[in-house]
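Asker: Given chain A, work out where chain B should sit, using these hints.
2 protein chains.
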Amino acid sequence: MNQDYIKPDNWSIIEEGFEKERVKSSESLFSLGNGAMGQRANFEEKYTGSTFQGSYIGGVYYPDKTRVGWWKNGYPEYFAKVLNAPNWIGINVLVNGETLDLNTCKNVRDFRRELNMQEGWYTRSFMATLPNDTTIEVLITRFLSLDHDEVGAIKYQIRAINQDSSMAFHPYLDSGITNEDTNWDEQFWNTTGVTTEGSQAFIEAHTMKTNFATCTFMESRLYHNNEMVTEKPLEALSDTTAVHHFKKDIKKGDTLTLVKFGGYTVSTNHKPNELISAAKEALQKVTEIGFEALLEQQKKSWAKIWEMSDITIEGDVKAQQGIRFNIFHLNQTYLGKDSRLNIGPKGFTGEKYGGSTYWDTEAYCIPFYMATKNKKVARNLLTYRYNHLEKAIENARKLGFVNGAALYPMVTMNGEECHNEWEITFEEIHRNGAIAFAIYNYYRFTSDYTYIPEMGLEVLIGIARFWHQRATFSTQKNKYVILGVTGPNEYENNVNNNFYTNYIAKWCINYTLQELQKVKDGYPDDYHRIIGVTKLSENETEDWAKVAKKMYFPFDEKLGIYLQQDGFLDKELIPVKKLNQKERPINQKWSWDRILRSPYIKQADTLQGFYFFEDHFTTEELEKHFDFYEPFTVHESSLSPCVHSIQAAKLNRMDQAYAFYLRTSRLDLDDYNKEVKEGLHITSMAGTWMSIVEGFGGMRILEDKLSFTPRIPKQWKSYSFKVNFRNRILKVKVTENETTFDLEGTDEMSIRVNGKRVVLTAGQKTYSLVN
Amino acid sequence: MNQDYIKPDNWSIIEEGFEKERVKSSESLFSLGNGAMGQRANFEEKYTGSTFQGSYIGGVYYPDKTRVGWWKNGYPEYFAKVLNAPNWIGINVLVNGETLDLNTCKNVRDFRRELNMQEGWYTRSFMATLPNDTTIEVLITRFLSLDHDEVGAIKYQIRAINQDSSMAFHPYLDSGITNEDTNWDEQFWNTTGVTTEGSQAFIEAHTMKTNFATCTFMESRLYHNNEMVTEKPLEALSDTTAVHHFKKDIKKGDTLTLVKFGGYTVSTNHKPNELISAAKEALQKVTEIGFEALLEQQKKSWAKIWEMSDITIEGDVKAQQGIRFNIFHLNQTYLGKDSRLNIGPKGFTGEKYGGSTYWDTEAYCIPFYMATKNKKVARNLLTYRYNHLEKAIENARKLGFVNGAALYPMVTMNGEECHNEWEITFEEIHRNGAIAFAIYNYYRFTSDYTYIPEMGLEVLIGIARFWHQRATFSTQKNKYVILGVTGPNEYENNVNNNFYTNYIAKWCINYTLQELQKVKDGYPDDYHRIIGVTKLSENETEDWAKVAKKMYFPFDEKLGIYLQQDGFLDKELIPVKKLNQKERPINQKWSWDRILRSPYIKQADTLQGFYFFEDHFTTEELEKHFDFYEPFTVHESSLSPCVHSIQAAKLNRMDQAYAFYLRTSRLDLDDYNKEVKEGLHITSMAGTWMSIVEGFGGMRILEDKLSFTPRIPKQWKSYSFKVNFRNRILKVKVTENETTFDLEGTDEMSIRVNGKRVVLTAGQKTYSLVN
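From first to last, the protein sequence lines stand for chains A and B.
Under full-length UniProt numbering, read the first sequence as residues 1 to 771, first letter to last.
Under full-length UniProt numbering, read the second sequence as residues 1 to 771, first letter to last.
If we strip away everything but chain A, and leave its shape as in the complex, we get:
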């Protein structure tokens, strides 16, 4: 843990006291999003201290020309960057002619931020004395509307504390923004129009190269002690800014309030030449509703989200705050409405990593969205990959694969690969497996088979073709091998026969063959269409089957474990706990070669295979592998603790499971990795949810039924969660003594608890003893 300034609270994230060095961290933690856009918790007013400015629009990106030291054949031409969008939240504040800037105030008291996760709003309040000795009290409330997702709202209130004062608000739009993350310091935006009409203003700007057209807009109203001031503001326009000047002299004790609505209309949703009229329409709607009523809508909409996705924890405020923080930010990032969007690793909270889509989506996020929303949301995420199939085939072609083999990208915005380290881009190919696994997992959880004949099977065929071609035959071993890969543990590069990769490759082929048969039998029309499109022959599938059948897996007979890769046992096998604490984290202290030849594991690798395919192995096998690999694991990926927490719980090692849980759920709140100022770890937040539901709750799908093995950490009095399983809503509550199942709806549902069949009746509580 690197910080602990966030107050423990069940429903809110709260910071008290103004510390300049915390500003960037808090800008990340208090970020707002509504699935369509979002922004860091930057101050509205001018701030000359250290800050990381960021506003983001879902799906709007820039292809930044690749920068490498040494070019390798096959590298992508660009890296799709998350794009800092024009700023609509800015409101400069002048008090008796002096600009409010918390960095230069003589005194800042009672500074407080609150991110109310239950209701979806953020406030900031403080009392400040400016260099000109005017003291003011400020309260700002901000939210991004879930119901009108092109719009956000800000209420900025100032009270004159020590004297009659002349107050001015200068709300503005600014498209002269830059990215912190840029390879060549290029300008990403081209501004084509800055206009103002009364209290409304519009900036039209499009991204360079990708040509996403946007209209950033605002409309502001001034209130003096709650009474609207009707004078029209003065205007000041530049090439990239539009400013309105509101001014009012007020008495000591009076309050002046600016209500500002703003946001974006984008050419992904409107015709490019109708962006201003769309913006006016959006503004008309929300100004008619008004700030307070819009906020009431907001509370209701968030209540609906929480109704289904909340996890309660009694007896452990920090754990409770942690899980809600994770669930809240996941919902701020992605709501599943738009199949063109995905779950970026930093969501709307930062620029790092670029791209929007990693294998995190399939491996970690889909289970969360399937269980807390509905199959449509998960299906949208699968459809996203189906829509990128052509690009995945093109990616594979660039690497020399033929005949429709598909390699999904490591990082992407539009389906094209963006990443540019050969050991990742070209070799971390296991990502293809996770995409196939998600198809399997989607059907397993939702029982919606239609995705497979309609779209999924084509994806599976592309993936199976890739594995078939990527495996090569070793005469020496008389087996198929997969050489030169990087597994999930990125602290190994260019290894041979990574167990996880080989295992999922074999599984992908077998699963594709199985689904081919099912579609042939059950959906003959789709089958013929797919055979027509893919030109798949029987010879070809027979060849696939050979590869799957003769796949090689490195295994040590003496230890009885699968090796992470060929040669793993040649390493100096010194467990992590014997490392000098000063050498941690090794990715900051050691050179890359030293990390590579060490046995240290960044995140679950062999164990990731045991997580996906738990039912292929006995608990004893899991235990043996967990005991062998976890001691070498440094958990320096945000995706590591959750899988280990789930497996520790499965092995009934509750102290260890709880420690991993805390680490995953409060990774950002407590800033374990000293980097929260760069943004939050959004995708790993879904892993936190899994730690409770699959870890402590022991939820699985076995033989087509939900199954639970509930356990509770000794630090907790109870916890509860809900899942939407095949359109049945089931609430599970676990206390020290018992587990309660509440089934919504009308019919019965049969589940398994601790291995025993239990029939739940809707509306009736069912009890089952724990331990």
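Just to be clear, a hint being listed does not mean it is correct.
Since the list can't tell identical chains apart, any single copy or any two copies may satisfy a pair.
Claimed, not checked - With a straight-line cut-off of 20 angstroms between C-alpha atoms, the simulated SDA-like cross-links for lysine to any residue are:
#1 K589 x W70
#2 K65 x D185
#3 K352 x V68
#4 K65 x E186
Hints are computed from structural coordinates only; laboratory data are not their basis.
Answerer: Quick look at chain B alone, frame taken from chain A:
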């Protein structure tokens, strides 16, 4: 072969006819150098066509901030770039008011370049009709003085062919130059002074960051039909240029000649505030001598170099031209006078690769310089590394090594590592072995032991310490292993137990232990000094010995061969000849992962070990390994064909040896790799020399004596070479029927020919039958 426009000639490189698309290639091929400075064969007059401008000063570099896609711990902060230096060769030419530019002339006839390698000068001549219909005949002669190595000389002659003409010469200096190779388009030079005095001019400029101060200077004289024109030129100065304006109206048939001397004085050789006075002194010397006499000196100095280093070949002009081209450029690049300099991979012919020193120096160049110059030159190259020992220890420390372990850099200018690909920088550690091997080889060849107690042993101790720490113990194998390396074959990265690396590591340790004992016994004072400096204990050397003794080597019992690395036999072992020609060269056609998982070998790897340690293996073992590895070798490194040529000759496969010889000797002349426009492959030129001397001549040192196994390619009538072995000059001539040995000096010398002892008497020819 990609081009064949160079006329075959025994002593000259000749181009006839003006082809714009050949200009950049010829700029490389016709480059001039004198060990201290050099430049590409850029035109003196203005040229608006495609050109690659390059002038270089030995040892003057710029630390260009590292550019990578993803930063890894331990990467160097900068890459030391070969620096395009201020231009002193420029002479703009105006003919009847119009600027001569071969790119825009109406007509260019009789264009001819000649690089006379025997005498060390370069001429260019042509007849051109300008757009204004004036026709002129031009002859330019240029050379860089070997005797006054701060100075070069140009004689630029114009004859008016079709009309009386007004001619003007504008000789200039220009420090407003840029590098083609730059990471961030930074300005590398800061010009501090531009001055002119009569017909002399000076530009003072220093490199940014490294602060090398230079004075670029010139002095010009005008001659009308060989009579000096005494009018002083007009001057025109800018921030970064100094121009003199010479003008003369001449009659049809008359000749106007500008003689220009120019060059650099540098703060590495003078006090920074005395650069102009040093320049004046240099100019005074050469102007007193005059152009023609200076050229006569040049011819004599080159004759001296050829006297010792020439290789003659009868019956094969292309082969003769090739070897002389190689020897000529090696001598232009490095003459061994200055132990601060080294042999850059592109010499003074281009910027690519940056840095000046690679393991090429030790593995390929030292044998050439030892045999064709004297031990002092080779010793200077070894001293260069001794002077960098502290930096090598620092490099190792950055990678986590302790206790004085030294890792010499992959690429360097000043001892610091410059390279920035983790798989090379951190893992291509075998380079350390070549540096130790060169010490061994130096003593073996020169019998000068003093380098070892004085300097070499400290280097060896640093290297042995590195290998001891870099090897790790595999409990599984009960052997020491070296994990995560890149061998000489850079088409494999991060492999385990590369045979070559493990072998040279073991050898380094054993050799260091042996030399420690020898120095202890024979040079006790040095020994105690070294023990004091290195704090070496007996415990430590015992630990080293354990690693050497239990070093692991991958070996396949069935094939009876050492494996290039663990797992090599798991690859799809399809020989190169079965590859589709369209897929070659694979480094341009395949993505990196495909190359890595293929069996294809860029340059000798296991066979490089067999080359260095030939006497450790039987000829049958060599044959077996050659037969196994060569068929997988694509020779896509310029350093590959020479080693294979030597080994093919050793195995008496003369056709193959000859084919490899042609490829190495005419690599640049025939532009095998389609890249000669970027500069020449200087270091591999030493390999060409080895192909003849060690390959066809079969020269070895066995049991402290020179030994020969002469063979001759059937395409040749004869060949001859000279070697300076321990200050005895021996000339060897091989014809189809016999080998002649000519020994200079007074005493006898005993050698071995085809395994038999032969006693040579100085002054008497000794014959021995071939075959």
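Asker: Would you mind marking each hint as holding or not holding in the structure?
Answerer: A quick look at each hint next to the structure:
no.: 1; hint: K589 x W70; result: between (24 angstroms within a copy, 16 angstroms between copies)
no.: 2; hint: K65 x D185; result: both (10 angstroms within a copy, 16 angstroms between copies)
no.: 3; hint: K352 x V68; result: both (17 angstroms within a copy, 16 angstroms between copies)
no.: 4; hint: K65 x E186; result: both (9 angstroms within a copy, 19 angstroms between copies)
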